[in-house]
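Numbering-wise, the working numbering comes out as the position in the sequence shown, counting from 1, plus 1393.
You may find that some hints are simply not true.
Said to hold, decoys possible - Here are the simulated distance ranges between beta carbons:
#1 Phe1474 with Gly1500: 26 to 36 Å
#2 Leu1459 with Thr1501: 22 to 32 Å
#3 Asn1535 with Phe1474: 16 to 26 Å
#4 Ser1534 with Ser1566: 23 to 33 Å
#5 Gly1500 with Thr1402: 14 to 24 Å
#6 Asn1535 with Gln1477: 17 to 27 Å
#7 Thr1532 with Pro1432: 18 to 28 Å
#8 Val1453 with Pro1480: 58 to 68 Å
These are computed hints drawn from the structure, not numbers from a lab. The beta-carbon is built from N, C-alpha and C at its ideal position, and this holds for glycine as well.
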Amino acid sequence: MTFAGTEFTLAGLVNADTVSSVTLTSSGAAATASVAGSPYAIVPSAATGTGLANYSVSYVNGSLTLNPAPLLVTALDASRFYGQANPVFEASYSGFVNGETNTVLGGTLLLTTIADINSPVGTYPITASGLTATNYSITYSNGTLTITAPAPTILSLTVASTADVAITWSAVSNGIYRVQYKPALGTTTWTDLIGDVTATSNTASKNDTRTSTNRFYRVQVLP
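Starting from the given sequences, assemble the full structure and let the hints guide the process.
In structure tokens:
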């Protein structure tokens, strides 16, 4: 740290004499000072002011204590499809000082989640832990692993009744799907069938009203 020269207290002045500044130095002000090495002496000298020639000036050292700097370790968000292995998780750091990086940290960074290859579609926390540091006070922030369903494949279009047609597609349990249609392949606008479908098994289906004209269908998986 840098001293302004006004960080002191006085005792013994008379006749309105003053001390305006004192030279203050400490080895703890260097960038290499560490929490483990503190407290460091703050050494006063060379007082300036009025009437000081009439005094025998003595100095008493102060004490500089270094506190750990705050460091935030954040698990980065990640995503994958259902049925795949978890990706390699990563983290970011905020709060390093003196040009330092994560190479000064001890321990081993652990990035974990409860989700495994069989976990259903949804979101799961990614937690960080395991690091140590003398000069930093470490806190952790969770990331999020998002498991999504892979792109569905329409398996069949069948007559469900005299009034309905059933669209069936490949699905993942807990995945949310939206069925859309358009009247001609050459058009670009799709129309949603009202009501999204949450799958409960490896297939899902939805009925649409039979019409006298063609309808072409697609199924979208929602986030």
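For the range 17 to 27 Å, tell me whether the beta carbons of Asn1535 and Gln1477 fit it or not.
For Gln1477 against Asn1535, whose Cβ atoms are near 21 Å apart, the range 17 to 27 Å holds.
Is the hinted range of 18 to 28 Å satisfied by the C-beta distance from Thr1532 to Pro1432?
holds (25 Å)
Within 58 to 68 Å: is that where the Cβ-Cβ distance between Val1453 and Pro1480 falls?
Given about 59 Å between the Cβ atoms, the range holds.
Supplied distance hint 26 to 36 Å, evaluated on CB atoms of Phe1474 and Gly1500
Once the Cβ atoms are compared, 32 Å apart, the range 26 to 36 Å for Gly1500 and Phe1474 holds.
Phe1474 and Asn1535 - C-beta distance against the hinted 16 to 26 Å:
holds (22 Å)
Take the C-beta atom of Leu1459 and the C-beta atom of Thr1501, compute their distance, and say whether it sits inside 22 to 32 Å.
holds (26 Å)
Cβ-Cβ distance between Ser1534 and Ser1566: within 23 to 33 Å?
For Ser1534 and Ser1566 the Cβ distance comes to about 30 Å; the hint holds.
Is 14 to 24 Å respected by the C-beta to C-beta distance linking Gly1500 and Thr1402?
42 Å Cβ-Cβ, so the 14 to 24 Å window is violated.
Hint compliance for this structure: hint 5 is the single one not met.
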